[in-house]
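Residue-level listing of the chains:
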Amino acid sequence: MFRHTISELKEALVCLQAGQVTLRYPFQPHPAEGEFRGLPAVEASRCIGCGACANACPARVISLEDIEGYRLVKFELGRCTYCASCRDACPQEAISMSPMFETATGAAADLVISLRLKLAYCRVCGAPLGTRRAMEWVQSALSETGEYPGEMIKGLEMCLPCKRRQALTTAILLEEVAA
Amino acid sequence: MNRGLLNWCFKKSIWVYHVNAGSCNGCDIEILDVLTPYYDCERFGIRLVHTPRHADALLVAGPVTRQVRERLLRVYEAVPQPKLVIGVGSCATGGGIWFDSYATYGGLGNVLPVNLYIPGCPPRPEAILYGVAQALGLVPKQVAAQEYVET
Amino acid sequence: MPIRRTARQIAEQFAIQFPEWMQLEMATGDTIQFGVDRKALPPITRYLRDEEQARFIVSVGTDRRLDAGYFEITNIFGLDQDQVFLLLRTEVDPADPNIPSITPEIHGANWAERELQDMLGVTAVGHPDPRRLVLPDDWPDGVHPLRKDFAYNQRPEIVPGRNPELKSPPEGSTLFPIGPFYPTLEEPVFINLFVHGEHIVGMDYRGFFAHRGIEKLGDAALTYQQVPFIAERICGICGFVHSSCYCQAAEKAAGIEIPPRARYIRTLLLELERIHSHLLWIGLACHFIGFDTLFMQAWRIREPVMWLTEYITGNRKTYGMNQIGGVARDLPEDAKDRILPVIERIAAEVAGVADAIVGDSSLALRLQGTGILSAAAARDLCVIGPTARGSGLDIDARRDHPFAAYGDMEFEVCVEQGGDNWARTMVRIRELSEAIKIARQVLDKIPAGPVMADFAEIPPGRVGVSSVEAPRGEVHHYVRTGAGQRPDRWRVRAPSFNNLQSIPALLQGMTIADAPISIGSLDPCFSCTERLGVVDQTTGQLRIYKQADLLAEFRHKRERRTR
Chain L
1 MFRHTISELK EALVCLQAGQ VTLRYPFQPH PAEGEFRGLP AVEASRCIGC
51 GACANACPAR VISLEDIEGY RLVKFELGRC TYCASCRDAC PQEAISMSPM
101 FETATGAAAD LVISLRLKLA YCRVCGAPLG TRRAMEWVQS ALSETGEYPG
151 EMIKGLEMCL PCKRRQALTT AILLEEVAA
Chain A
1 MNRGLLNWCF KKSIWVYHVN AGSCNGCDIE ILDVLTPYYD CERFGIRLVH
51 TPRHADALLV AGPVTRQVRE RLLRVYEAVP QPKLVIGVGS CATGGGIWFD
101 SYATYGGLGN VLPVNLYIPG CPPRPEAILY GVAQALGLVP KQVAAQEYVE
151 T
Chain B
1 MPIRRTARQI AEQFAIQFPE WMQLEMATGD TIQFGVDRKA LPPITRYLRD
51 EEQARFIVSV GTDRRLDAGY FEITNIFGLD QDQVFLLLRT EVDPADPNIP
101 SITPEIHGAN WAERELQDML GVTAVGHPDP RRLVLPDDWP DGVHPLRKDF
151 AYNQRPEIVP GRNPELKSPP EGSTLFPIGP FYPTLEEPVF INLFVHGEHI
201 VGMDYRGFFA HRGIEKLGDA ALTYQQVPFI AERICGICGF VHSSCYCQAA
251 EKAAGIEIPP RARYIRTLLL ELERIHSHLL WIGLACHFIG FDTLFMQAWR
301 IREPVMWLTE YITGNRKTYG MNQIGGVARD LPEDAKDRIL PVIERIAAEV
351 AGVADAIVGD SSLALRLQGT GILSAAAARD LCVIGPTARG SGLDIDARRD
401 HPFAAYGDME FEVCVEQGGD NWARTMVRIR ELSEAIKIAR QVLDKIPAGP
451 VMADFAEIPP GRVGVSSVEA PRGEVHHYVR TGAGQRPDRW RVRAPSFNNL
501 QSIPALLQGM TIADAPISIG SLDPCFSCTE RLGVVDQTTG QLRIYKQADL
551 LAEFRHKRER RTR
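The listed protein sequences correspond, in order, to chains L, A and B. When the letters of the first sequence are read in order and numbered with our numbering, they come out as residues 1 to 179. When the letters of the second sequence are read in order and numbered with our numbering, they come out as residues 1 to 151. When the letters of the third sequence are read in order and numbered with our numbering, they come out as residues 1 to 563.
Hints in this document: simulated from the structure, not taken from any laboratory. Mixed in with the good hints, there may be bad ones.
[Unchecked claim] Simulated crosslink set (DSBU-like; lysine-lysine; CA at most 35 angstroms straight-line):
{"hint": "1", "chain 1": "L", "residue 1": "K74", "chain 2": "A", "residue 2": "K12"}
{"hint": "2", "chain 1": "L", "residue 1": "K74", "chain 2": "L", "residue 2": "K10"}
{"hint": "3", "chain 1": "L", "residue 1": "K163", "chain 2": "A", "residue 2": "K141"}
[What the hints assert, rightly or not] Selected chain B positions facing chain A (in silico; Cβ < 10 angstroms):
{"hint": "4", "residue": "N153"}
{"hint": "5", "residue": "G179"}
{"hint": "6", "residue": "F190"}
{"hint": "7", "residue": "N192"}
{"hint": "8", "residue": "H211"}
{"hint": "9", "residue": "M296"}
{"hint": "10", "residue": "W299"}
{"hint": "11", "residue": "R302"}
{"hint": "12", "residue": "E310"}
{"hint": "13", "residue": "P341"}
{"hint": "14", "residue": "R345"}
[As the list claims (entries may be wrong)] Some chain L residues judged to face chain A by a derived CB distance under 8 angstroms, without partners named:
{"hint": "15", "residue": "V14"}
{"hint": "16", "residue": "E102"}
{"hint": "17", "residue": "G106"}
Note that the structure is a prediction, hence the values are computed from the model and not measured. Using N, Cα and C, we set each Cβ at its ideal position, and we do this for glycine too.
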């Protein structure tokens, strides 16, 4: 019995020594430190609509759809698992994990980010090629190397069947000239 | 008894019944963490009750698995009006990483009428406190849909 | 001290013992795989049980009709003395999908075989209890999700009006149901206790309310590097264990050697997880018995670990650190300066708490002599972790099947002999100190260097298995690599899968008031009773026990004992 009382006193001492530890949140902010992964943020001006993030996301939160002249890149962040695979996959560093965690809402639609990026079309037949930004990015990267003639870089703005047709036409013409 | 007085009472001290609808326990542990000394939700009169009949709000975590759905509905019906349903975590908000699996219903919104979602995987205890405060109208919502159209 | 045999030596021994029935297929490192005729499974299991003291780990059922024309059942055993995993691979004709059950020989295989029946549709003939285990009650018969012709997002029609098949109570006893929801947290689970008065004479169980279709998603919807993210959400408390185990199994299958620094980082995070999990359990166990003071203090002591992991990895839980080939990010520069003060403080505070409670007779009354699991029962049911070590079984995957950097660490495997709730509590408290010791060693010895290995494409058709010691026991993953840089089969076996099968043995002869803490002492991923309905056998009246009632019962019990 005595031993039990000593034990209870020691337990009380543990509590007293701990004291009051309660944080003053939400009256004072308590942000996370370090490389905390909060709600993903997208820098829309950098996105080229390549879809690398959509391929990487384990929760399959990101989708791409081409409609009405735009590529719709949609992030349904309600079920995001904050793993940052999208951030790591993005070649343009357009995605970052913001420190935001106070994300409660009555409607999951509040957690959707939609980007509409203009599509590029084939110069010859008008078929969609992907986003204009992706095209321009590839073209500027190639012309910076200085190894490709401007004609060839411009020639990227054709869909594959049209490219083949043009190459074949050019080849036939060259043969005729040589002959 | 007028509506205003009821609403005022509701805000003062909300009693919460926690339900695990097939979650991994991450959100459940964070919900329990909100009771513990560093966060202490009892400062706000919020306490966890042991039966839905005493509850003002349901805190549900998990994507709602097929096996749990019927029991979850029974718990919902057992909570007396007025009641709030709060979905905690990414699984409740949209089904999480298994939203399209054969074994889940893809999120709480597909099973119950939800008043508030607290996303996170798992949400920090601070986020849960913020969410409950938001449900009571004490703090503002901070997220909104973002749309960007290239010009 | 028995001499450790190599994989080759063991393989040769079996080949001599069972020449017509066992074909050696692989003997590399710590994994031996034999092709086994299905009718040989019972005699081989008996031999493994009696002559080798093998421990049954899990069964894996794979649908290989598309690439090979059969169902493949692999039974995995652990030969802990030799640090080897033994895989017995059986081919089953799809036209005759059954195997002889090995459960009568080794009771720990009970649930694994029932899962084969549910998920793959291969019947274990002679199984003593072939009821549905994993799939929901409203799932139609004959639809097996792990078959390759079942799409992972297919949702068959609900079969209405089906209830779980439950055993009837034995003659003269009353039954009362518990669950599936309890106020004391954790997962839904349904337990039927059969009682005579206050004493429990049997029980039945219906779990798997959290079945989310993880294995199917792993092999049907995700790539190799996406699976660690789903793996760490199998359990929110020991998520890193699962992602590490998957990565290790896949790395073994693919023959990838990860850099030493990555191995140390994994070890560090595993031990930090163990620290927070054991403190969590101590708090919850006290909460179950009404000792809320210690619940609050244990979780107060634990909270700084959560802030620490948030700082180091970017999230309190679900760290997102593991990838095949190593870890995705390095530790921050000042990790050691942040970690050491926190774990030293925890070590001091845990010592203070342990000193305070050692003389607490209320705790002793609740925990000593209750929930007894004998060593023989523990071995037969193949339990692991603190559940096994509390009953005198000296097994620990960190020592028996070394992984990550544990081969370089010095630590003690904490074993107690009592087999009761108190023994399991002491195992966990001692393991807390050992975990802190290991974390200190990691921080001292961690080498510099890269944290991620370079590797080419992973070839298909390779098998790898790995064990990791989670706070609850051994977690075991099996990976079979597939085409298209995705796994063909991924099998997860969490420790609670084996440990929960020991609940009937644990509760036999106990009183109702001891049921919650006994089940809780397994540290299952489900909690236990809070609200019980009891039918009094003599008067036929229903009495509902609330938590206050259970606590009052306990106080009366204590007063009767101390008077």
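A quick look at each hint next to the structure:
1. L/K74 to A/K12: 39 angstroms, violated
2. L/K74 to L/K10: Violated: L/K74 and L/K10 sit about 57 angstroms apart, past 35 angstroms.
3. L/K163 to A/K141: 52 angstroms, violated
4. N153: With a minimum Cβ separation of about 4 angstroms from chain A (threshold 10 angstroms), the hint on B/N153 holds.
5. G179: 9 angstroms, holds
6. F190: 9 angstroms, holds
7. N192: With a closest approach of 15 angstroms, the B/N192 hint is violated.
8. H211: 5 angstroms, holds
9. M296: 6 angstroms, holds
10. W299: It holds, given that the least Cβ distance between B/W299 and chain A is near 4 angstroms, below 10 angstroms.
11. R302: Holds: closest Cβ of chain A sits about 8 angstroms from B/R302, inside 10 angstroms.
12. E310: 8 angstroms, holds
13. P341: 17 angstroms, violated
14. R345: Check failed: Cβ of B/R345 comes no nearer than 14 angstroms to chain A, outside 10 angstroms.
15. V14: Since the shortest Cβ distance to chain A is 12 angstroms, the answer is violated.
16. E102: 4 angstroms, holds
17. G106: 5 angstroms, holds
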